[in-house]
Amino acid sequence: MLLIGGVVAAVVAGRHADNAEDRATATRTVRAVIGSEKAEFFADPDVVKALAAKGWAVKTETSGSWAMEELDLKGYDFAFPSGKAPADELAGKYRVRQPLPRPFYSPLVVLAHRGAAQVLAGNGLATLEGSRGTLRMGAYLEAARHDRTWQQLKGAEQHGELTGTVYIATTDPVSSNSGALYLAAASYVANGDRVATGDADLDRTAPLMRKLVSVQGAQQSSSDATFRDFVSGVGNPLVLAYESQVAAVLNEGQDAGDLTVLYPDTTATSDHTVVPLTERGRAFGELLGSDPELRRLAVRHGFRPQGATAEFARATAARTAYLNQQLTGVRQAPVPTSEVLHEMARRARG
Amino acid sequence: MRRRAALALSALMLLTACTGQQHDDPGSTPTAYAPGTLRVLASSELSDMTPVLDRVREDTGITVRPTYIGTLDAVDLLARGEADGTYDAVWLSSNDYLRLRPDAAEKVVSEMPVMTSPVAIGVRAETVKKLGWKPDDVTWSRIERAVRDGGLTYGMTDPARSNSGFATLVSVASALSGAQSALTDADVAKATPRLKEFFEGQQLTSGSSGWLATAYERRGNVDALLNYESVLKGVPGLTVIRPRDGVVTADYPLTSLTSSNATAREDVRRLAEALRTEPVQRLITERTHRRPVRASVQPAAGLDTGLRRELPFPGSRSVADGLLDSYENELRRPSRTVYVLDTSGSMEGDRLERLKTALTGLTGDFREREEVTLMPFGSAVKSVTTHVVDPADPRAGLDAIRKDTAALSADGDTAIYTSLEKAYGHLGTGQDTFTSIVLMTDGENTAGAKAREFDGFHAKLTGARRDIPVFPILFGDSDHAELAHIAELTGGRLFDARKSSLDDAFEEIRGYQ
Numbered sequence: 000m001l002l003i004g005g006v007v008a009a010v011v012a013g014r015h016a017d018n019a020e021d022r023a024t025a026t027r028t029v030r031a032v033i034g035s036e037k038a039e040f041f042a043d044p045d046v047v048k049a050l051a052a053k054g055w056a057v058k059t060e061t062s063g064s065w066a067m068e069e070l071d072l073k074g075y076d077f078a079f080p081s082g083k084a085p086a087d088e089l090a091g092k093y094r095v096r097q098p099l100p101r102p103f104y105s106p107l108v109v110l111a112h113r114g115a116a117q118v119l120a121g122n123g124l125a126t127l128e129g130s131r132g133t134l135r136m137g138a139y140l141e142a143a144r145h146d147r148t149w150q151q152l153k154g155a156e157q158h159g160e161l162t163g164t165v166y167i168a169t170t171d172p173v174s175s176n177s178g179a180l181y182l183a184a185a186s187y188v189a190n191g192d193r194v195a196t197g198d199a200d201l202d203r204t205a206p207l208m209r210k211l212v213s214v215q216g217a218q219q220s221s222s223d224a225t226f227r228d229f230v231s232g233v234g235n236p237l238v239l240a241y242e243s244q245v246a247a248v249l250n251e252g253q254d255a256g257d258l259t260v261l262y263p264d265t266t267a268t269s270d271h272t273v274v275p276l277t278e279r280g281r282a283f284g285e286l287l288g289s290d291p292e293l294r295r296l297a298v299r300h301g302f303r304p305q306g307a308t309a310e311f312a313r314a315t316a317a318r319t320a321y322l323n324q325q326l327t328g329v330r331q332a333p334v335p336t337s338e339v340l341h342e343m344a345r346r347a348r349g
Numbered sequence: 000m001r002r003r004a005a006l007a008l009s010a011l012m013l014l015t016a017c018t019g020q021q022h023d024d025p026g027s028t029p030t031a032y033a034p035g036t037l038r039v040l041a042s043s044e045l046s047d048m049t050p051v052l053d054r055v056r057e058d059t060g061i062t063v064r065p066t067y068i069g070t071l072d073a074v075d076l077l078a079r080g081e082a083d084g085t086y087d088a089v090w091l092s093s094n095d096y097l098r099l100r101p102d103a104a105e106k107v108v109s110e111m112p113v114m115t116s117p118v119a120i121g122v123r124a125e126t127v128k129k130l131g132w133k134p135d136d137v138t139w140s141r142i143e144r145a146v147r148d149g150g151l152t153y154g155m156t157d158p159a160r161s162n163s164g165f166a167t168l169v170s171v172a173s174a175l176s177g178a179q180s181a182l183t184d185a186d187v188a189k190a191t192p193r194l195k196e197f198f199e200g201q202q203l204t205s206g207s208s209g210w211l212a213t214a215y216e217r218r219g220n221v222d223a224l225l226n227y228e229s230v231l232k233g234v235p236g237l238t239v240i241r242p243r244d245g246v247v248t249a250d251y252p253l254t255s256l257t258s259s260n261a262t263a264r265e266d267v268r269r270l271a272e273a274l275r276t277e278p279v280q281r282l283i284t285e286r287t288h289r290r291p292v293r294a295s296v297q298p299a300a301g302l303d304t305g306l307r308r309e310l311p312f313p314g315s316r317s318v319a320d321g322l323l324d325s326y327e328n329e330l331r332r333p334s335r336t337v338y339v340l341d342t343s344g345s346m347e348g349d350r351l352e353r354l355k356t357a358l359t360g361l362t363g364d365f366r367e368r369e370e371v372t373l374m375p376f377g378s379a380v381k382s383v384t385t386h387v388v389d390p391a392d393p394r395a396g397l398d399a400i401r402k403d404t405a406a407l408s409a410d411g412d413t414a415i416y417t418s419l420e421k422a423y424g425h426l427g428t429g430q431d432t433f434t435s436i437v438l439m440t441d442g443e444n445t446a447g448a449k450a451r452e453f454d455g456f457h458a459k460l461t462g463a464r465r466d467i468p469v470f471p472i473l474f475g476d477s478d479h480a481e482l483a484h485i486a487e488l489t490g491g492r493l494f495d496a497r498k499s500s501l502d503d504a505f506e507e508i509r510g511y512q
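Protein chains in written order, with numbering that gives the first Met the number 0: chain E, 0 to 349; chain R, 0 to 512.
Just chain E, same shape as in the assembly (with noise of 0.2 angstroms):
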């Protein structure tokens, strides 16, 4: 397949030799479907601009990380969905080599604003330090339980938008993967901090799981939107992210305004990992998390590299305002495979 590619390029270069791309010596393009939360990144001049000092171009479209194995992937150089789970689902579908490659990492936080950040606060759900705090995953899971409402919690009456049942607001876990992790995160503090490995488990966890997702309502399939929205100021009070999304508007210099980041105690993080399905789509992943400069990006684009924390750390030095640079006090859930995964997300979901 490389080779007849290659063929083609050659001959194309040869009737069109001002094209860039296609010069046969130069550029080599890769075509991608990607998580969403990855989009800024891929489209960030200067992340093209130092892929194309490799000698790389790629093209991208976004997907929700579980719907990605809906999709028919022929001719696509490699899939890149935000999550270990749904990557190894595809490498196992595509009969891709292990080990995929893993450029870069972020934990699940929680957005509030102030006034609902300092009502969970006085209330026992979460602690603060400024525009960061913990959310306690034990205490918010019991309250999901009994179907708090906000009208419940002490000092919510200042706010006139903090009525109905207290929830966070995901992604469909089906589809996409934030929504997913959650369930992953919440089913292992449901499960007494054990992670769910069968149908015991499945069937112990299934009710609770169930009423966090049904109170949502419908949910957005990408963890884009339901940030977009909250930076919009579409008033759900509590709103499940990816830590990368919100250090990349606040690297950008954004008055964040009244924004709290809440780091759950127990948290799943999200591996962003490469699914190659050709062997250019394998060099291209590990020269994300290999070139220096393409890391600095990532970390600009608010992403954890793998490896070494540091980066990340004087990146973010002038925002730990509102990043929990080293994770203090937050635990990493592990994620339960795909297949038990799947089958939490879709029993959730009803």
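Just so you know, these hints were derived from the structure itself, not from any lab.
Careful: at least some of the hints might be erroneous.
[What the hints assert, rightly or not] The calculated label-pair distances, taken between Cβ atoms and stated as ranges, are:
| # | chain 1 | residue 1 | chain 2 | residue 2 | range |
| --- | --- | --- | --- | --- | --- |
| 1 | E | R345 | R | A391 | 39 to 49 angstroms |
| 2 | R | G219 | E | E141 | 23 to 33 angstroms |
| 3 | R | A300 | E | T196 | 47 to 57 angstroms |
| 4 | E | E141 | R | T138 | 22 to 32 angstroms |
| 5 | E | R94 | R | K195 | 36 to 46 angstroms |
| 6 | R | D58 | E | Q150 | 41 to 51 angstroms |
| 7 | E | Q324 | R | K195 | 54 to 64 angstroms |
| 8 | E | G129 | R | K133 | 31 to 41 angstroms |
| 9 | E | G154 | R | A185 | 29 to 39 angstroms |
| 10 | R | K195 | E | Q150 | 20 to 30 angstroms |
| 11 | R | K195 | E | R330 | 50 to 60 angstroms |
| 12 | R | G219 | E | G129 | 51 to 61 angstroms |
[Said to hold, decoys possible] Anything over 10 angstroms on all C-beta distances counts as not near chain E; from chain R, calculated:
| # | residue |
| --- | --- |
| 13 | G84 |
| 14 | A104 |
| 15 | Q179 |
| 16 | R243 |
| 17 | A299 |
| 18 | L310 |
| 19 | R350 |
| 20 | R353 |
| 21 | A405 |
| 22 | T461 |
What you are looking at is a predicted structure, and each value in this text was computed from that prediction instead of being measured.
Glycine included, each C-beta is placed from N, C-alpha and C at the ideal position.
Use these hints to put chain R onto chain E, whose structure you have.
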């Protein structure tokens, strides 16, 4: 026997107000894909994006060719696979309903929200004063109270045909049911008495936001409009209020399709990216009163940034469709319509057959409690038959309409105005309904009263009769100027069955009845 909420595709923008931008009608022959031009199924209120899209075309070279369509129709079209190869993107006010339909959702690749606008109520300044409202304190319950005790009246679009109507219905139902989380069937059932009361205040209905605003300004006796904030901000004299107990917000996701080719999908992505750049986000909020999705761009002046609870949209199709079904058949005021049907000699043959087919098809769409009068005419009105779709036995009324339809025969001249006068006489006043007249004719007026005489007749109408709109349908050899004048005079709207079909025209008018 209840009317299905999700309609077959047909009722569409047959005669869209000219936006200066090229657009297609869903019934028309599909345009072939041309690189650089995106064929987009879009919510009709996006016609206000023309200056923004012109700017984006300059920046990116991408031309958007919109086809305006209601949400449910768009979702049906996707689900049936009819958008495959015909459209390159979908751009509705929201994909909430789309995602409830797996057969439609699987046609979608990526969704990129571009801007937002919450549901709001726009109230005449003097009404705000009369009611003693402080905009920041208004809740849906207070609006409900004003309807009940203060006689507050309002207009809104038909939820089955218009995105804004659907979002409004969900907002009202969520708030008045007291649901603390996403609506369930039980919430809707519980709230039914209050919702019924609330919808007694609805004096205007419309298939599109554009006509709603026009009819509101013309009528002058309606106090408020329910619609998206962006639409209301464009109507002069309204105080725009986002109810304090919550709203449903449109986020306009530009959506690419699995069926389109890679180049088109790349163009959709580039278009979304261009729409999200700072200068374009600024242009959007200033020109269209929608809210930006970029943190560095502030909402335009006059858009209040106080927080509102986001009311969840139903999470299942059965709840969403059930709510629509109750609205149509139970909650809203029923409609009362006289169909003034040309059965003159020139209708003989194919035309009459088409009329019969269209009318028979329409019987599948009549709502419970609806009153339908058939008034066929030639040189004069030939007969007047009235049937009501009784919720206890809807079939009887519908069968009777079908029977009368089958018996129609063509002969005589064309007495348009005399027949219209008779329709006004039949309708009278005093009933609590959405009252309108549909006029279908295939020729010009050749008998009875003249246009001038009808103008005089109309000028003398008083009270509620004056507000009855005539919706004329262009068909066969009918006279455009003559029918346009009737629509204009009576505050109706002209529909064109020559471009698509009589079925489509009747179907589209449903949104206005």
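Quick rundown of the hints versus the structure:
| no. | hint | result |
| --- | --- | --- |
| 1 | E:R345 / R:A391: 39 to 49 angstroms | holds (42 angstroms) |
| 2 | R:G219 / E:E141: 23 to 33 angstroms | violated (56 angstroms) |
| 3 | R:A300 / E:T196: 47 to 57 angstroms | holds (56 angstroms) |
| 4 | E:E141 / R:T138: 22 to 32 angstroms | holds (30 angstroms) |
| 5 | E:R94 / R:K195: 36 to 46 angstroms | violated (60 angstroms) |
| 6 | R:D58 / E:Q150: 41 to 51 angstroms | holds (47 angstroms) |
| 7 | E:Q324 / R:K195: 54 to 64 angstroms | holds (56 angstroms) |
| 8 | E:G129 / R:K133: 31 to 41 angstroms | holds (34 angstroms) |
| 9 | E:G154 / R:A185: 29 to 39 angstroms | holds (30 angstroms) |
| 10 | R:K195 / E:Q150: 20 to 30 angstroms | holds (27 angstroms) |
| 11 | R:K195 / E:R330: 50 to 60 angstroms | holds (52 angstroms) |
| 12 | R:G219 / E:G129: 51 to 61 angstroms | holds (54 angstroms) |
| 13 | G84 | holds (15 angstroms) |
| 14 | A104 | violated (8 angstroms) |
| 15 | Q179 | violated (5 angstroms) |
| 16 | R243 | violated (5 angstroms) |
| 17 | A299 | holds (13 angstroms) |
| 18 | L310 | violated (8 angstroms) |
| 19 | R350 | holds (45 angstroms) |
| 20 | R353 | holds (40 angstroms) |
| 21 | A405 | holds (44 angstroms) |
| 22 | T461 | holds (45 angstroms) |
Violated hints, in rising order: 2, 5, 14, 15, 16, 18; the structure is consistent with all others.
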